[in-house]
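Place chain L on chain D using the hints.
Here the protein sequences line up with chains D and L, keeping their order. Residue numbering for the first sequence follows numbering that gives the first Met the number 0, beginning at 0 and increasing consecutively. Residue numbering for the second sequence follows numbering that gives the first Met the number 0, beginning at 0 and increasing consecutively.
Some clues are possibly wrong.
Chain L residues, not near chain D, derived (Cβ > 10 angstroms throughout) [stated by the list, open to error]:
no.: 1; residue: S32
no.: 2; residue: K65
no.: 3; residue: L84
no.: 4; residue: S100
no.: 5; residue: I127
no.: 6; residue: T148
no.: 7; residue: L166
no.: 8; residue: N337
no.: 9; residue: S396
no.: 10; residue: L406
no.: 11; residue: F421
no.: 12; residue: S425
no.: 13; residue: T430
no.: 14; residue: A438
no.: 15; residue: A442
no.: 16; residue: R454
Derived, one-sided and incomplete: chain D residues facing chain L with beta-carbon distance under 8 angstroms [stated by the list, open to error]:
no.: 17; residue: E76
no.: 18; residue: Y79
no.: 19; residue: H80
no.: 20; residue: A86
no.: 21; residue: E87
no.: 22; residue: I88
no.: 23; residue: L89
no.: 24; residue: I91
no.: 25; residue: T96
no.: 26; residue: V102
no.: 27; residue: K107
no.: 28; residue: P309
It is worth saying that the hints were derived from the structure and are not from the lab. Cβ coordinates follow ideal geometry from the N, Cα and C atoms, glycine included.
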Amino acid sequence: MPFISEILKYGSLAIVGTEKNTGKTECLNYILSKLHSTDISVAVTSIGIDGESIDQVTGTAKPDITIFEDMIFVTSEKHYHTKGLTAEILDISAERTSLGRLVTARAKTAGKVLLSGPANTALLQKIIGQNAALGVDITIVDGALSRMSPASPSVAQAMILATGAAFSANIRQLVQKTKFVCKLVSLNHADKHAQTLLANIDNGLYCIDENGELHDLNIESAFMLTSTETEKTKYPCNCKTLFVAGVVSNKLLDFIRMQGNIDGFTLIAKDFTKIFITPEMYNLFLRKGGCIKVLHKTKLIAITVNPVSPQGYVLDSKILQYALGQNLDFPVYDLRQLQN
Amino acid sequence: MTNNSYNITALRKSTNDNFGFFYLLNKLDLKSSLSKRYLYLQKFITDKDELEKEFNKIEETISLLKTPQNNKIFSDIENKLSQVLDIGGTLQNLANSIVLSDMELFEIKKFAIIADDIKQLLCGLNLIALPDLSAAISILDPEKIRMTTFYIYDAYSAELAVLRKSLKGKIENQSIESYQKITEIEDRIRKQLCTELQIYACDLNTALSKIAYLDLLLAKAKQAKDEHFCKPLIADKNTSYKALFNPQLKDLLHSQGKKYQPVDISFGQYPTLITGINMGGKTVLLKTLALAQYLCQYGFYVPASEAEMTLVDKIMICMEDGQNHLQGLSSFAAEMKNMNIILSEIHTDKHLLVLIDELARTTNPAEGSAIVNALLDIFCENKVCCFITTHYDKITSDCRRLRTSGLIDMDETINEKNIDSFIDYSLVEETETNAPREAIRIAEILGANEELIKRAKNKMKK
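In isolation and in its complexed conformation, chain D is listed as follows (with noise of 0.2 angstroms):
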């Protein structure tokens, strides 16, 4: 059963698409089914209801999840009153999502659930270490629309990403962009005195100079920077070293490219969830000579592929596998075949 046994070493697990129907439902009905047959204790929630809002919106019906006898669920009170199954409640929280108070129950039957937990990457945090209370082995985290920000390694310990037909209809193309979020994910650890320096800093940006110290630029955020005249002077012409709390976004690469000699500049960034740059934009900034490093590294485990497009293009599974396959250093697999 591939992939399976690596899911199992870590205690978090996120799902997230590179697309909208690119298969993470799937994967994630795929991996319960698997973890049913183990004595693993097991609980899922999902990320945030925007897909719930574009659902609505696009008319497409969001995807049930299976969920098994003993495992827990996390959803909101609305979907809570939906489900197909019958559970016991464990909790109910405090906090309120735009689809009610978050219900934390456990299945005492088998049968379908819509998924939709916390709206913010804090209560998801939140959520998971209370299941860890519980006595959960691992939470799943569902992933929403195209959002990253569940794989941050701030909340999952690891990720799966699911890419396929929904991202781009063209194989080479679909190659390429999803080489390029692999990529960003695989971005390489700050050296360990950086990271010992940047360690407890959430926000702002600083420098570190030639001597490895750290100066606060006093500057709120890369987007203030970009786009505030009084901002730019704080930007001192010689960093070689910019450590970017929040968002690195095409804006801030080009700003800094305009500083002139970026040979050597080192750009590093939390996680690759903060990340929101094109292919173009990077190549340009690495045939420059800057590099981008991150804090916090995430696991890739696996990657799925749906070769079926909401439009209704089905690529050549065998083709797009082989292709993915040989391009990235991570197994792929289309689970729909596995399964077959």
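Just chain L, lined up with the frame of chain D:
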């Protein structure tokens, strides 16, 4: 203008809390999310017996808190309190014969078990008696495992147990018929449970409000103990404070490494005129008198080392709060409007505490002092307990006068930063009708423009 009001929520709406009451409420260490709502429902109490009972309860709690053997019990109680959620809405539904969902039944079960745990913990303390909820718990705990979890247990119905068993292991081919049947049985059981539970709705509600009360009581007792508040003795005629202080200002001064000077003050059913230099503590005194009265009559200890207090029906405060202009009124117009409200109250039988800061200060001194005199006369005749601060001369009304002592032992090291350590904030009986003349000197110490000071001094000489 601040009116005392029916409950704290209403008070919150009518004041911008420039006297520090809500500062103290926010500092209360309430454990349950339930208690904040309960706190804001507290009423302004004018009944002597009710207040005395509450103060005795706080006294009792403080002494229990001070007993080291009880530390463990109280920390366990607080831990339990922090798990209590406000299930008022659910209990309302129960009382109204609405069939509750599993989530609501879960809430009731969890609450009842926690309440029962608290009841056990309170056992030896003789502080609050909670109703016995064991019957309600057993309705929701048919398997007698006493866990704070809930579902429609198999133990409720043999038929349900059999049906569920038949579905075990089947996922894809679940018979819709059996699932519907299960739902029907569950619905029936839920209805039955609610009928059985309804008998205890009242007990559950009592437990809920008693637990909120317990949380508030503990928080009040801890605050009183930590902030060195005292138990007010309720008197019939006169109010008298020893070492009265304003906790918010005290905290602020302490954070700046400065000392706070408490004051002693006694008064009865008559008006008092307060004079004194700028920065002498007149306004703070008025605010602190309001604060202490509010605290007392909402059932709290008061910030003083000793307090003997007469109860009032209404506290009326008139202070510049910067809001007048937003209502399109000049300061003077707003003030006169407030005087109308106060004067309309003094002819009723109501017992008032009236606090007016610098009456008619925004108009000319000649007419301003006439207004102050006139108001004092009215208050004298009607025996109204009132404090008015002023900088005006020629207040000849036959009222009691207090003056804040003012500048003492000045040397050349005095400056705007340390001026407060050269001020004696204590109150002395005043016989003069003229106000102290220290404004220019204080302005000079505060570093006002030299030319301004020079010219002002010259003008005074003329």
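Now the hints, each set against the structure:
1. S32: 6 angstroms, violated
2. K65: 32 angstroms, holds
3. L84: 7 angstroms, violated
4. S100: S100/L not clear of chain D: closest Cβ-Cβ about 7 angstroms, inside 10 angstroms.
5. I127: Since the minimum Cβ distance to chain D is about 24 angstroms, I127/L lies beyond 10 angstroms and the statement holds.
6. T148: Incorrect as stated: the minimum Cβ-Cβ distance to chain D is 5 angstroms, not above 10 angstroms.
7. L166: 6 angstroms, violated
8. N337: 42 angstroms, holds
9. S396: Nearest chain D Cβ is 57 angstroms from S396/L, so the label holds.
10. L406: L406/L is indeed farther than 10 angstroms from all Cβ atoms of chain D, at 43 angstroms.
11. F421: For F421/L, whose nearest Cβ neighbour in chain D is about 40 angstroms away, the distance exceeds 10 angstroms, so it holds.
12. S425: Its Cβ never comes within 10 angstroms of chain D, the nearest being 47 angstroms, so this holds.
13. T430: 60 angstroms, holds
14. A438: 43 angstroms, holds
15. A442: At roughly 38 angstroms from the nearest Cβ of chain D, A442/L sits farther out than 10 angstroms, so the non-interface label holds.
16. R454: 42 angstroms, holds
17. E76: 7 angstroms, holds
18. Y79: 7 angstroms, holds
19. H80: 7 angstroms, holds
20. A86: Status holds, d = 6 angstroms.
21. E87: Hint holds; E87/D Cβ to chain L Cβ min 4 angstroms, cut 8 angstroms.
22. I88: 4 angstroms, holds
23. L89: 5 angstroms, holds
24. I91: Hint on I91/D: holds, closest Cβ of chain L at ~6 angstroms, below 8 angstroms.
25. T96: It is violated, given that the least Cβ distance between T96/D and chain L is near 15 angstroms, above 8 angstroms.
26. V102: Holds. Min distance 6 angstroms.
27. K107: This hint holds: K107/D lies near chain L, its Cβ roughly 6 angstroms from the closest one there, short of 8 angstroms.
28. P309: 24 angstroms, violated
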